[in-house]
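Chemist: Given next are the chains, with one letter for each unit.
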Amino acid sequence: MAEETPSQTVPETVKAAIADRPVEGRVCLEAGAGVGNTTAGLLAAGAARVYAVTDDPAHAAAVRDRCGDATDRLVVVEGDLRQTPLRPDSVDLVTAHGLCNLLDPAALAAVAAEFSRVAAAGCHLVVDDYEPLPESAAVRDLFAVENAATELATGRSALTFYPASLLRRVFAGHGWTFDRERTLLDPVPWTASHLSAHAGVVTDAIAGLPPELGDPLERRAERLVEAIGEEFAGTMYSVAMTRPDGDETR
Amino acid sequence: METRPLGATGQESTVATFGAIALNWLEQEGANQMVEHVLDHGVNHFDVAPTYGDAELKLGPKLRQHREDIFLGCKTQERGYDGAAHKLERSLDRLGVDTIDLYQIHGLEYESELDEITGDDGALAAIREAKAEGKVDHLGLTSHGNPDLILDAIDRIDDLETLMFPLNPVVAGKDDDEYDYEAVLERASEENIGTLGIKAFAKGSWPPTSELPEEDRPYANWYEPVDTPEEIRDRFDFAASQGLSTVVTPGDPKLVSMVLDAASRYDGMDEATQRALIEQSRHDDSPVPEQLHH
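Chains as they are written, first to last, in our numbering: chain A, 1 to 250; chain B, 1 to 294.
These are calculated hints, taken from the structure and not from any lab test.
As the structure is a computational prediction, the values presented were derived from the model and not from experiment.
We put the CB at the ideal spot given by N, CA and C, even for glycine.
It is possible that some hints are incorrect.
As the list claims (entries may be wrong) - With beta-carbon atoms standing in for the labels, derived distance ranges: (1) B:222 / A:105: 40 to 46 Å; (2) B:189 / A:19: 57 to 63 Å; (3) A:73 / B:149: 30 to 36 Å; (4) B:216 / A:106: 33 to 39 Å.
Stated by the list, open to error - So, partial list: chain B residues that the calculated Cβ filter (under 7 Å) puts toward chain A: (5) 8; (6) 99; (7) 174; (8) 175; (9) 275; (10) 278.
Kindly generate the complete structure, drawing on both the sequences and the hints.
Modeler: Structure follows, in structure tokens:
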């Protein structure tokens, strides 16, 4: 058996999202680096450099740990995606895999502006995210509890599911041209480990709330995780856009 | 049921192959009914082995009755000439037939076995001799071992006509070389070698026997299987849409009907749904709830 090392496996969703994008020899911005799935995919596809940006120190450490053998091509940036330290016109490919649902509308607007600032002429953009879940999806109840908890704790929603058509228009407003859309997952598997992770967000959020407010939310989240178990619902899409070759849009 | 060419053998196999190990768990009358049930669904490719308890003996009566309708695969775990020649005669005798359509080297695991099999005094020499005598029609190999070893076998056995190996969403989602059966599938397709998928319905390993003693397992499979009609259908459709010639039914007779139903209704699976199954398995596999996203 394999040793207990961090998995080098690149998810099929990531592979499918970047398969038709020019990655080899390109400078990439991986926005919201998570545990490094997309960073690993970009490095495996031959990226010249990947700036993996995340505001979560644990994620930054996870990405360094996982992709540490590519230190000459990887720069993990712990910082705010709305204001990265990257220079204007310096990036050839921007990836945002499962990022936008974590951004509320104000943050989305700022991040879209930042992507457009750092993008070089001819830059490619890949935005992968979830369509709003159908009414019938049980996981909506869990996400509602999650949003209730974070709204009470921070005044912001944890999750916003933007339709692909809406994100296209947001980026088109910054001068990006629509290239293609494909379905990455249909349906989306919300597994027990996903559901637990979302319940974990509730637990973290209520830490600063009075118990009479927070405890019922946590209990409800726990009950939902148990009742749902696992659910296949909704779709995940990949939208690809490009920056015009000239800089007439700026 | 859809049929596909089994490599260059000339055989058109149904997209489901009956794994006759299931007969081992049935009495003779039940085994007879199972074979009729499988044939009623149009399945024309059966696979058995001498190591599957009484499966050869229990397959015998109905196999002989329907010999013309069944493409029969059998196997040998022998690696040397004498053993393979002897076990082939034994299988012919136990099955009660004159010819085995596809005779496969069973469960290749080590490079040293490949040396032995391909040697002058190896099992392949016995199988080739049996082919010349008309006792065997085609030569195959089965393995759940290292994919690199299977690729080596393709290089070293020029007359290899079929390969049987694992393929399911868990395996397909892993990039590590030790699970890269997709490379085997690709190479086999290039070489026009027929491909049979096994473990399509495996969900995971059984819990340790300290938690679940072997005699308390609810299924006879080597691995804990998926067991609802929806999951069975997803797993069948996934395996059948990877480009295999045919998918072998699971070893427990309780699951066979559901798989036959899935196989009868098979009409492809789109890539987004294939990825959904791979993603599900990828997270199932991870004991640590670390992922919010896919």
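Chemist: Checking each numbered hint in turn, tell me which of them this model violates, lowest number first.
Modeler: Of the numbered hints, 1, 2, 4, 5, 6 do not hold.
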